[in-house]
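Protein chains: 2
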Amino acid sequence: MEAYEELLARLKDIDLISQIGGLISWDQEVLMPPKAAVLRAEQLAWISKTGHEKLTDQRIGVLISQLESENGLDDVEMANVRLARESYDRATKLPTEFVEEMAKHRSRAQISWTEARASDDFSIFRDDLAKAVELARAKADYLGYDALRYDALLDLYETGLTVERVDPLFAGLRENVAPLIRAVMDRGRRPDISWIENNSWPQEAQEKLSHSVAEAIGFDFGAGRRDASTHPFCGGPNPDDVRWTTRYNESDPFGSLYGSMHETGHGTYEQGRRRDLDFQPAGQANGLGVHESQSRLWENQVGRSREFCEWALPLWKECFPENMEGVGVEELWQAVNLVEPSLIRVEADEATYNLHIMIRYEIEKMLIGGDIEVDDLPDAWDEMYEEFLGIRAPNRALGVLQDIHWSMGAFGYFPTYTLGNLYAAQLLEAARDDLPDHDSQIKRGDFQPLLDWMRSKVHNRGSILMPAELIEEATGDSPSPDAFVRYLGSKIERLYGVKA
Amino acid sequence: MEAYEELLARLKDIDLISQIGGLISWDQEVLMPPKAAVLRAEQLAWISKTGHEKLTDQRIGVLISQLESENGLDDVEMANVRLARESYDRATKLPTEFVEEMAKHRSRAQISWTEARASDDFSIFRDDLAKAVELARAKADYLGYDALRYDALLDLYETGLTVERVDPLFAGLRENVAPLIRAVMDRGRRPDISWIENNSWPQEAQEKLSHSVAEAIGFDFGAGRRDASTHPFCGGPNPDDVRWTTRYNESDPFGSLYGSMHETGHGTYEQGRRRDLDFQPAGQANGLGVHESQSRLWENQVGRSREFCEWALPLWKECFPENMEGVGVEELWQAVNLVEPSLIRVEADEATYNLHIMIRYEIEKMLIGGDIEVDDLPDAWDEMYEEFLGIRAPNRALGVLQDIHWSMGAFGYFPTYTLGNLYAAQLLEAARDDLPDHDSQIKRGDFQPLLDWMRSKVHNRGSILMPAELIEEATGDSPSPDAFVRYLGSKIERLYGVKA
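Listed in order, the protein sequences are those of chains X and Y. Counting from 4, one number per residue, gives the positions in the first sequence under the working numbering. Counting from 4, one number per residue, gives the positions in the second sequence under the working numbering.
Since the hints were made in silico from the structure, they are not lab data. Mixed in with the good hints, there may be bad ones.
Each pair may be met inside one copy or between any two copies, as identical chains are not told apart.
Derived lysine to aspartate or glutamate pairs resembling EDC-like cross-links, with alpha carbons at most 16 Å apart [claimed, not checked]:
1) Lys320 x Glu472
2) Lys38 x Asp281
3) Lys15 x Glu45
4) Lys52 x Glu71
5) Lys38 x Asp223
6) Lys96 x Asp385
7) Lys134 x Glu365
8) Lys460 x Asp281
9) Lys460 x Asp437
10) Lys52 x Asp16
11) Lys52 x Glu100
12) Lys52 x Asp189
13) Lys57 x Glu80
The shape of chain X in the complex, shown without the other chains (with noise of 0.2 Å):
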């Protein structure tokens, strides 16, 4: 077994060069000074070159094939030499230069994009766009597929992702999802949140609030951090030092609370990881669709549910005495559940969410498929959010141009959030079954066997498993949008009365 170590040696090192990438990068997004970007961005590409290089190195290509003949190797080695194979092939068939043109294009393409947005003319970006496509469809040539080229760019976020295995989740969400916002819409009761519009929310409250919600759930803040920054994220280099961010807003305290619920998922996840497993790939997290999964379940599964609301009130009432007077779990359960379909995924509730992704979801099999021309898009984004939500931007700003991802070439990576929403309600689901006091539990702020739960069944095994196979092991299922659906139908039906 020289070879293994030898290969475990050599991503160790790969790894420690991807810690300190992640220290760096989040400190250029929190807390930077504003003259230090160009040199950071010199430090970010040594690391990623050097990074590549060590990657790369034609050893290690020799040192997987051999292992891959290999046998008696146990779950954990051969996944070590199966992920290994992923990052070597993903990092050695692209050639350097259109690795290079890439990124250059990416850097243009995000240019023009905020200035489209800004100046809300699809014009200004509809070249980069064309090529970002072409560049798409050139990077899944490279990658290879077996059915069609957007399952190579499916794969690159949640391994073994196919159209094949997403249609199905998004038909089950469109048939059963699509007609209970409508039913919420037709019966037009909206509950009364002027107590949160009237008021304004002091940014310090909001802190405590959050912070104290993180800490109860078990985010430890000894082996991470909060704090502040413009667009909330993960990060951090390792299970010791993780760390979240938020943002506030003092007119709505939703954003803050939820936000850090979402991130805490995230932290908790990195944090619960198999420390026997460091600086191997397959003790990492699982890919893009398992890690939503843990920041959607305290979030909303969790987060939004009664038993939460019931358990956190007193502690709004702390945080904001005069503004929460008068106010009861019902009201504030009621005004964190508000069903409205609106324009912007990253404003979208619950219910709606799923639905935009849907819709970038079909509009990517189109665009990469050969399906839809470019020129094209702006009207049909447009007509699919009149169909699917029955609502339409007045602009592009707010329509096509919202999102951030086709400017960056990340095609294939909105799935991801679909997946970790449905993955949440079966976890959850599942959960329940060995926890029957789960409710209980909750509302008095018990976090500890959930937590626990998610720790033994997904935290701790890593990247051992392949997605798919992760949640059928935890939950006896494969992905599916039923579990989806029953939670949100019988919310729904608590919150607005109706049913599909």
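Keeping the supplied structure of chain X fixed, place chain Y upon it in accordance with the hints.
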């Protein structure tokens, strides 16, 4: 000149690694969560190993040798070759196993020193100190020297420094400053600082005061940061991202203000480097002595002047309106210039500080030269304090165990502190010749002319010259204690009405 370009490219690579190391070390000191320490050490070890590998690449040696025989290099090119030779030799002359042995011993000795100081028991540190001395001697032998072993160590912190050069500097101080202090003590008049001692000084107001002063001096907060840390320092990756720290004590407002002015001095030096020499050794700040001259200049030469106090008084009153009621310029100036022999170096005033250093220098010289045994060190320390400062430590913790330096193997470092004080006095004397309105400029808070002078004479000169050459170019004189003695003598006379 292909060899030169290749050398520069390799030096840039090494500099980027050290920028990254600077950033993550800053993070470690300032905001890293406690549990992250173990893996942070792995990251830093990776940085240090990678940097060392690149620096000791034989190809660098080949390039340097080739360029050393080249004619027609300009000043900057010659400096780059000379400085590359210096780093290359320092890195290659020490065998890898020896470097590892030193690193391991350093970790061990820091632990035993910490224990020894906490329990006031020199014997706990004794063996590790003896070993540290032995290693320092071996290091000197590997590095080589002409006259004395200790010279090889002095040279590490300020290139070209030798006992032959340092001895006359300290002799000048001993002969002139020691009698001055005795005269102050004999006079026995201690200014009334009860207005400091009897008040509490809120941290927030201290932050405001020190921030305003740093900004007024010319530190660019768009290219740097100010934070709090237990051990104040100035660090960060490069001139666009200079980060200094301070600490706050609510019963002493001077610590944070003068600490901030000190670090601001270091910070303006870093921010003032020639940007066309980015990534080149010739563009780096000069040795530790010159760096310390910039911190001492603003902290002491400017910051403790009567003119500065006159400008700063309204700021003081704005930050601490109640505490400062009735306090005038004279009281403030007297308070920031209290001369009083004390046991702890880091708390010493401007007059006594260099005697603390002189004692350490004399002891190091004897230790490395084998003229004193480690067992005799604690008493020798106390006797020298008695002789030069007229006070004796009641225990070892306040005596020989007070500084961390020897546990880190940093023999030869201390003298650079005093060099900084001497250089600061020489530089200001020379600057006054070019800035006849200096005093009135300071009085009205116009720090730009002095900063500009330092920019052109010191900051922009990088490491193109050796430290002593830089001082001579800037001031017309080689390093000497005279300017400092004149400065201190005249100040003490104004403050205490005494002469040596």
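- request: Evaluate Lys96 and Asp385 at a C-alpha cut-off of 16 Å and name the case that applies: within, between, both or neither.
  value: The answer is neither: 37 Å in one copy and 69 Å across copies each exceed 16 Å.
field: Same-copy or cross-copy closeness of Lys320 to Glu472 [CA-CA at most 16 Å]
entry: Answer is neither; intra-copy 43 Å and inter-copy 68 Å both fail.
- request: Classify it for me, Lys38 with Asp223: is the Cα-Cα distance of at most 16 Å met within a copy, between copies, both or neither?
  value: between (33 Å within a copy, 10 Å between copies)
field: Intra- versus inter-subunit Cα pairing at 16 Å for Lys460 with Asp281
entry: Answer is neither: 18 Å inside a copy and 50 Å across each miss the 16 Å cutoff.
query: Is it within, between, both or neither when you check Lys460 against Asp437 at 16 Å Cα-Cα?
result: Within. Shortest intra-copy distance 12 Å satisfies the 16 Å Cα cut-off; inter-copy 74 Å does not.
task: At 16 Å max between alpha carbons, let me know whether Lys57 reaches Glu80 within a copy, between copies, both or neither.
output: neither (20 Å within a copy, 32 Å between copies)
- request: Classify it for me, Lys52 with Asp189: is the Cα-Cα distance of at most 16 Å met within a copy, between copies, both or neither?
  value: neither (55 Å within a copy, 66 Å between copies)
- request: Please work out whether the CA atoms of Lys52 and Glu100 approach to 16 Å or closer within one copy, between two copies, in both situations, or in neither?
  value: within (13 Å within a copy, 30 Å between copies)
task: Can you give me the call for Lys52 and Glu71, within, between, both or neither, at a CA distance of at most 16 Å?
output: Classified as neither: same-chain Cα gap 27 Å, cross-chain 31 Å, threshold 16 Å.
message: Reference check for the pair Lys15 and Glu45, CA-CA at most 16 Å: within, between, both, or neither?
response: Only across copies: Lys15 and Glu45 sit 10 Å apart there, 23 Å inside one copy, limit 16 Å.
task: Could you place Lys38 and Asp281 in one of the four classes (within, between, both, neither) given a Cα distance threshold of 16 Å?
output: between (35 Å within a copy, 15 Å between copies)
- request: Give the relationship of Lys134 and Glu365 under a CA distance limit of 16 Å: within one copy only, between copies only, both, or neither.
  value: neither (19 Å within a copy, 70 Å between copies)
Checked against the numbered hints listed earlier, the structure breaks hints 1, 4, 6, 7, 8, 12 and 13; every other hint is satisfied.
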